[in-house]
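**Q** Chain residues, written in single-letter form:
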Amino acid sequence: MADDKYKIQKIDDYRWRIPREGKMRVDGIVYADKHMLEEIQKDESLQQVINVSYLPGIVSHSLAMPDIHWGYGFPIGGVAAFDMDEGVVSPGGVGYDINCGVRLLRTGLYRVEISGKLESVVNTLFANIPSGVGSHRKDLKLTQQEEKNVLKNGARWAVSQGYGTKDDLEHIEEKGCIPGADPELISDRALERGRAQLGTLGSGNHFVEVGYVSEVYNEEIARALGLEKDGITIVVHTGSRGLGYQVCDDFLRVMIDASRKYNIELPDRQLCCAPINSYEGRNYLAAMACAANYAFANRQMITHWVRESFERALHVDPKESRISPVYDVCHNIAKFEDHIVDGQKKRLCVHRKGATRAFPPNHPDTPDAYKSVGQPVLIPGDMGRCSYVLVGTEKAYSDTFGSTCHGAGRVMSRGQATRVTKGRNIAEELKSQGILVRADSRATLVEEVPEAYKDVTEVVDVVDHAGIGKKVVQLKPMCVIKG
Amino acid sequence: MPKYILIDHTADIGIDVFGTTIEELFTNAAFALFDIIADLSTVECKAEYQVKISGVDREQLLVIWLSELLYLHDVKYVLFKDFRITDMKENQLTASVSGEVFDDNKHVIKTEIKAVTYHGLSIVQENHRWKARVIFDL
Chain H
1 MADDKYKIQK IDDYRWRIPR EGKMRVDGIV YADKHMLEEI QKDESLQQVI NVSYLPGIVS
61 HSLAMPDIHW GYGFPIGGVA AFDMDEGVVS PGGVGYDINC GVRLLRTGLY RVEISGKLES
121 VVNTLFANIP SGVGSHRKDL KLTQQEEKNV LKNGARWAVS QGYGTKDDLE HIEEKGCIPG
181 ADPELISDRA LERGRAQLGT LGSGNHFVEV GYVSEVYNEE IARALGLEKD GITIVVHTGS
241 RGLGYQVCDD FLRVMIDASR KYNIELPDRQ LCCAPINSYE GRNYLAAMAC AANYAFANRQ
301 MITHWVRESF ERALHVDPKE SRISPVYDVC HNIAKFEDHI VDGQKKRLCV HRKGATRAFP
361 PNHPDTPDAY KSVGQPVLIP GDMGRCSYVL VGTEKAYSDT FGSTCHGAGR VMSRGQATRV
421 TKGRNIAEEL KSQGILVRAD SRATLVEEVP EAYKDVTEVV DVVDHAGIGK KVVQLKPMCV
481 IKG
Chain G
484 MPKYILIDHT ADIGIDVFGT TIEELFTNAA FALFDIIADL STVECKAEYQ VKISGVDREQ
544 LLVIWLSELL YLHDVKYVLF KDFRITDMKE NQLTASVSGE VFDDNKHVIK TEIKAVTYHG
604 LSIVQENHRW KARVIFDL
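Top to bottom, those sequences are chains H and G. Taking my numbering, the leading residue of the first sequence gets 1, the next gets one more, and so forth. Taking my numbering, the leading residue of the second sequence gets 484, the next gets one more, and so forth.
Keep in mind that a hint or two might mislead.
What the hints assert, rightly or not - DSS-like cross-link-like pairs, simulated, lysine-lysine; straight-line CA separation at most 25 Å:
id	chain 1	residue 1	chain 2	residue 2
1	G	593	H	431
2	G	564	H	141
3	G	535	G	589
4	H	422	G	486
5	H	148	G	486
6	H	422	G	535
7	H	138	G	559
8	G	535	H	138
9	H	422	H	229
10	G	559	G	593
11	G	564	G	486
12	H	42	H	10
13	G	593	H	422
14	H	152	H	166
15	H	42	H	166
Just so you know, the hints here were simulated from the structure itself, not pulled from any lab data.
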């Protein structure tokens, strides 16, 4: 690893600069309050912000959101934009779980209507949505050709197969399909891993959570998003499963060779990369789009099973439960976007690894339904506390390439979490707080214990105060299924 | 000497793995991978696979070796516990690996590992023993 000595300067209460030095091409900028910064400095994540700034063609600064923590290659919570001609694309800047993301569903139901039936809701969700090793829907069999259609068309494929409605597509980032996906670039291994895992949740921090709107910070925007106090919401957090991991793995090998070929000096092998317009760079982006589309299809199918589960568990007609997506955001992705750099409009390749797009009102990519309020931003917290819905802002667009945080961020390693919870029954503890949890593995519950995470409220407050996201509502969990 | 020790990494999990020979280092790393994934005490050696891989150097070979086993685990649902390296060169490895297909009634899964990363990857020889560091993405 590179040397770990760096300077850090205060810009204001919520921003800190790591000034350009040595091989750094740009400054590092970290969004955090003073207390968070002290925590962040305990691990190697700021060195990772610096490492990213070494990469060719990086524009303006190497950014870290307040939920930053030590990742591999890029920090988690890292954002970096690259010039289309001089810049690079790096699979390590997207991560293994390509288009890991969050979908928020709103409903026509209220807290009082379901609070007595939670047991049935959580059990039905757990039975209908596969999670854990080797689990999959028995009614779903994909041919390789059909899987390639998934990779090309994303959530559109899912809707064409009866998983949801066309209207759902209007409420997904990129309308659920990133253009330029070329399934012929996907290895047989990735296809093999993907075939059995479509429509599965996976494990670790992935979940489906039923909750309710516990606080409204901005009535007008909440109304525009179809959210109101005590209204039932559902959050789906999952990604591209084994297919995405394999695509990343395959292209890391390609990029290790490419970095040598293009003489790119790497502070960490995980940052291996290739020029955006090179053969390797273009291929990675077309393969990444396939994995991203797979993840959109995955969340769309899970949405369909959430609808079915509610119908079955509550015996309510879908017309009454009115479950529909507010929005669906990617938080591990590289995107081509237009941004203003030194007063000029420039097309850039923006990497967000554990960061969410946060486009302002009236931006062409902000969905029509939310043009006047800004793009919804979904920030899940841990399973015990709360989650937040924000909207994107002009300031995010001008200062952070239209990006903001993505979650709470861990403060404890999984080992630490296991040690501090020894002898405790996490499911019972949560139940006593009125939160029902079903998990495929007991270890998951222990590793995902609420105190292993930063308090998401602190993270969201930094983002809100710094102006790179605007708080709209808070959601509190009622029941959760995990892998 | 332990086969491996866990290192605390906030988001993910890492191992420092040891071996008196490079072959032992690689087999211990594979053992560590599956020891993190599942409780191996109930796993029997019933299914055997042959693995042949190559990499640009020893470090990459280690990542590719573990990734290969993770791939087999993901598509065949096998929990591996026995690893025999039959041939090994600087950038090439042939092995016979065995374990058992996951059975929900018999086996306990501890953690899903998504991938084997190149971050902070190292292999060194010190005091007549080999030591490697690998970080997994969870």
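**Q** For every hint, state whether the structure bears it out.
**A** A quick look at each hint next to the structure:
Using a Cα cut-off of 25 Å, the hinted pair residue 593 of chain G and residue 431 of chain H holds, with the two alpha carbons roughly 22 Å apart. Only pairs whose Cα atoms come within 25 Å are accepted, and residue 564 of chain G paired with residue 141 of chain H is rejected, the gap being roughly 31 Å. For a cut-off of 25 Å, the pair hint linking residue 535 of chain G to residue 589 of chain G is broken: about 30 Å separates their Cα positions. For the hint linking residue 422 of chain H to residue 486 of chain G, the alpha-carbon distance of about 24 Å falls within 25 Å, and the restraint holds.
For a cut-off of 25 Å, the pair hint linking residue 148 of chain H to residue 486 of chain G is broken: about 42 Å separates their Cα positions. Note on residue 422 of chain H and residue 535 of chain G: the hinted pairing is violated, with a Cα-Cα distance of about 41 Å set against a maximum of 25 Å. Using a Cα cut-off of 25 Å, the hinted pair residue 138 of chain H and residue 559 of chain G holds, with the two alpha carbons roughly 17 Å apart. Between residue 535 of chain G and residue 138 of chain H the alpha-carbon distance is near 33 Å, which puts this suggested pair outside the 25 Å criterion.
Note on residue 422 of chain H and residue 229 of chain H: the hinted pairing is violated, with a Cα-Cα distance of about 37 Å set against a maximum of 25 Å. For the hint linking residue 559 of chain G to residue 593 of chain G, the alpha-carbon distance of about 18 Å falls within 25 Å, and the restraint holds. Distance hint between residue 564 of chain G and residue 486 of chain G is fulfilled; the C-alpha atoms sit about 13 Å from each other, no more than 25 Å. Taking the CA atoms of residue 42 of chain H and residue 10 of chain H, the gap is about 18 Å. The hint holds against a cut of 25 Å.
Between the alpha carbons of residue 593 of chain G and residue 422 of chain H the distance comes to roughly 15 Å, so the proposed pair stays at or under 25 Å and holds. At most 25 Å may separate the alpha-carbon atoms for a hinted pair to count; residue 152 of chain H and residue 166 of chain H meet this at roughly 17 Å. With a CA separation close to 47 Å, the supplied pair residue 42 of chain H and residue 166 of chain H exceeds the 25 Å bound.
The structure fails to meet hints 2, 3, 5, 6, 8, 9 and 15 from the earlier list, while all remaining hints are met.
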